[in-house]
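S.K.: Now for the letters of each chain:
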Amino acid sequence: MDWHQLWVITSTPDNIPIVAMLFLVPFFTWYGLKQARENDQLIEQLEDDPQLAKTHHRKTLPWRPGWARELHVWPYLVRVEFLAAVIVTVILFVWSITLNAPLEEPANPNLTMNPSKAPWYFLGLQEMLVYFDPWIAGVVMPSLIMVGLMVFPYVDSNPLGNGYYTIKQRKFALAMFGIGWVTWILLIIIGTFIRGPGWIWFWPGQTWDHNAVVFDRNVDLHDWFAQNLGLTFLSSDPFKFIFGALVVGGFFLVCGLFLHWLMTRTEFDRKLLARTSLLQYVTFQFFAITVLFALPVKLLLRLLLNIKYVWVTPWFNV
Amino acid sequence: MQPERPNNDDKVAGKSSTGVVLLDKARDQGLALKDRALEEAKAYKDPQQTQLWKSIFRVSHDRSDPRNRSLAILSNVFLHLHPAKINRDAVRYGFTWGMGGITFYLFIVLTFTGVLLMFYYHPTKIQAFRDILYLEHDVPFGKLLRNMHRWAAHLMVITTWLHMFRVVLTGSYKRPREFNWCVGVVLLVLTLLLSFTGYLLPDDQLGFWAVTVGTNMARATPLLGSEGPFGPQLGMTPFNDVRFGLLGGSIVDSNALLRSYIWHCIGIPLVASIFMAVHFWRIRKDGGISGPAPVVLETEMKGKK
Numbered sequence: 000m001d002w003h004q005l006w007v008i009t010s011t012p013d014n015i016p017i018v019a020m021l022f023l024v025p026f027f028t029w030y031g032l033k034q035a036r037e038n039d040q041l042i043e044q045l046e047d048d049p050q051l052a053k054t055h056h057r058k059t060l061p062w063r064p065g066w067a068r069e070l071h072v073w074p075y076l077v078r079v080e081f082l083a084a085v086i087v088t089v090i091l092f093v094w095s096i097t098l099n100a101p102l103e104e105p106a107n108p109n110l111t112m113n114p115s116k117a118p119w120y121f122l123g124l125q126e127m128l129v130y131f132d133p134w135i136a137g138v139v140m141p142s143l144i145m146v147g148l149m150v151f152p153y154v155d156s157n158p159l160g161n162g163y164y165t166i167k168q169r170k171f172a173l174a175m176f177g178i179g180w181v182t183w184i185l186l187i188i189i190g191t192f193i194r195g196p197g198w199i200w201f202w203p204g205q206t207w208d209h210n211a212v213v214f215d216r217n218v219d220l221h222d223w224f225a226q227n228l229g230l231t232f233l234s235s236d237p238f239k240f241i242f243g244a245l246v247v248g249g250f251f252l253v254c255g256l257f258l259h260w261l262m263t264r265t266e267f268d269r270k271l272l273a274r275t276s277l278l279q280y281v282t283f284q285f286f287a288i289t290v291l292f293a294l295p296v297k298l299l300l301r302l303l304l305n306i307k308y309v310w311v312t313p314w315f316n317v
Numbered sequence: 000m001q002p003e004r005p006n007n008d009d010k011v012a013g014k015s016s017t018g019v020v021l022l023d024k025a026r027d028q029g030l031a032l033k034d035r036a037l038e039e040a041k042a043y044k045d046p047q048q049t050q051l052w053k054s055i056f057r058v059s060h061d062r063s064d065p066r067n068r069s070l071a072i073l074s075n076v077f078l079h080l081h082p083a084k085i086n087r088d089a090v091r092y093g094f095t096w097g098m099g100g101i102t103f104y105l106f107i108v109l110t111f112t113g114v115l116l117m118f119y120y121h122p123t124k125i126q127a128f129r130d131i132l133y134l135e136h137d138v139p140f141g142k143l144l145r146n147m148h149r150w151a152a153h154l155m156v157i158t159t160w161l162h163m164f165r166v167v168l169t170g171s172y173k174r175p176r177e178f179n180w181c182v183g184v185v186l187l188v189l190t191l192l193l194s195f196t197g198y199l200l201p202d203d204q205l206g207f208w209a210v211t212v213g214t215n216m217a218r219a220t221p222l223l224g225s226e227g228p229f230g231p232q233l234g235m236t237p238f239n240d241v242r243f244g245l246l247g248g249s250i251v252d253s254n255a256l257l258r259s260y261i262w263h264c265i266g267i268p269l270v271a272s273i274f275m276a277v278h279f280w281r282i283r284k285d286g287g288i289s290g291p292a293p294v295v296l297e298t299e300m301k302g303k304k
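If you read the protein sequences in the order shown, they are chains A and B.
Numbering-wise, the first sequence is residues 0 to 317 according to numbering that gives the first Met the number 0.
Numbering-wise, the second sequence is residues 0 to 304 according to numbering that gives the first Met the number 0.
Since the hints were made in silico from the structure, they are not lab data.
These numbers come from a predicted model, not from an experiment.
Keep in mind that a hint or two might mislead.
[Said to hold, decoys possible] Straight-line C-alpha distance at most 25 Å; calculated SDA-like pairs for lysine to any residue:
hint, chain 1, residue 1, chain 2, residue 2
1, B, Lys284, B, Met117
2, B, Lys284, A, Leu261
3, A, Lys33, B, Leu296
4, B, Lys284, A, Arg68
5, B, Lys301, A, Leu261
Can you make the complete structure from the sequences, with help from the hints?
M.R.: What follows is the structure, given as structure tokens:
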């Protein structure tokens, strides 16, 4: 265990924000879910007691008859904003006094930095380069993630849970967002703490060896089948294209069926599905499979089985 | 408190010469002026009653009056983005976490520190790195300024993400706020791009290689990149593809530095400001922040629109 190496990585000034995120994200997740649980308990209570549901103010927050439902922004909101600004300013000053922004040597095109890392919030993209060709990792995937985020509200046909924390009423939507959110954070953590010189996998606490060489023999999926199952014809030309197309098509089919099964599990889920238009359904399936499922699956294929491509064509490789 | 007036009646008319009369007259006028000044000075004891004050603030700021509390928001150009009144539970920290507002505040901090940094920075290969050294070692508070700009940028990325996370957890992207969520996604991307374009500006190894890696990916853009699928077939070369357009050349050099400087300081902030204006405007138009709203039960779910 090389504690010094771990310390060097975590104390790099540009990595401080990601170390802070390691605490901030779990804290706010807990904070949000705590409120969701309280609301869910209230929802259950009101569902069991329709009489109470008619009179209850429907929040877990204190309320008494006669209290105004609205407050004046001046001063009740403005003072909160002012306080927040002061606190943020103080944090920034303390942070800026105690920690210097990094400055390396002058740019030198003849001396490559190793490892050459992007800023931490782009490390997810950089890490994706391991699993996909640059045109997918650098261009197509980021665009799909952006557009996927934008269509999110349009494919979520569930009208409940608008403006309050809840898990019970939005299990499916939260699970889908959660997969993407966790994958993204995981990729950043891998990129920050695990990838060392040569973008080689070093476990936290392992010394970064600049002379390390990895003898991975990455194979394409059709070759893997050809070698391990004796189906040698798969490595020849028309078959490997057809095989790859079948695998990708099969992947979409299996994931689509799995998602459909998830969407029809309970009475409530089926009710939501009935509200979903065909366009919403297809759009959701496409983005869920290409963004949320394909990425982790390819990641596991690469890390566990050393698979390079699943579909090789003369024009592009996936 | 009136000062005693000298009494002219006691004087014998014949004895006074013209000069003395004039002197007396001047003294009378002087004293009258003093009275007037004192009278007016009394009014200045309450500055809020002056014409100057009223011209600037337009309304009385007596806070005990509910109407004035509304006017304090509505008649103030910096505060008028707010509604006059707000859901009583929305001011609780627990619901919004304040992340959207903090993100905007950080944008202001970054604009302020960024403008100050621009006074000391030349986007040229010869001077850029030396300017950073100058900032760090010679400019008073220069190091603090640069640190603050850097850390505020990192913090802004964090708060933007947490803001998005909160919006998802509270379902605030739902009808009628779908479009504002899309504007928010664009703002998230612009935030990341702002940060990325700033990375190259110190012209050090860190920025140079990060931007080299980043823009190398643009080479692989489908159709528009010289190494992307179908790019070469469409006549893309390293000297006319999308990467060339981003860098202003085929390598990361002086043109890339200038381009990233202009995008960082003018282009993206301008676009981001427009999107921010729309984002804030839509918050109001969509009915203010989404909650904390009363919970709705499954049995009360309305039919599909």
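S.K.: Confirm or reject each hint.
M.R.: Evaluation of the provided hints:
1. Distance restraint check for B:Lys284 and B:Met117: the Cα-Cα separation of roughly 36 Å exceeds the 25 Å cut-off, and the hinted pair is therefore not satisfied.
2. With a C-alpha separation of about 36 Å, the suggested pair B:Lys284 and A:Leu261 falls outside the 25 Å cut-off, and the hint is violated.
3. Straight-line distance between C-alpha atoms of A:Lys33 and B:Leu296 comes to about 19 Å, which keeps the hinted pair within the 25 Å bound.
4. This hinted pair checks out: B:Lys284 and A:Arg68 have alpha carbons roughly 20 Å apart, not beyond 25 Å.
5. With a C-alpha separation of about 23 Å, the suggested pair B:Lys301 and A:Leu261 falls inside the 25 Å cut-off, and the hint holds.
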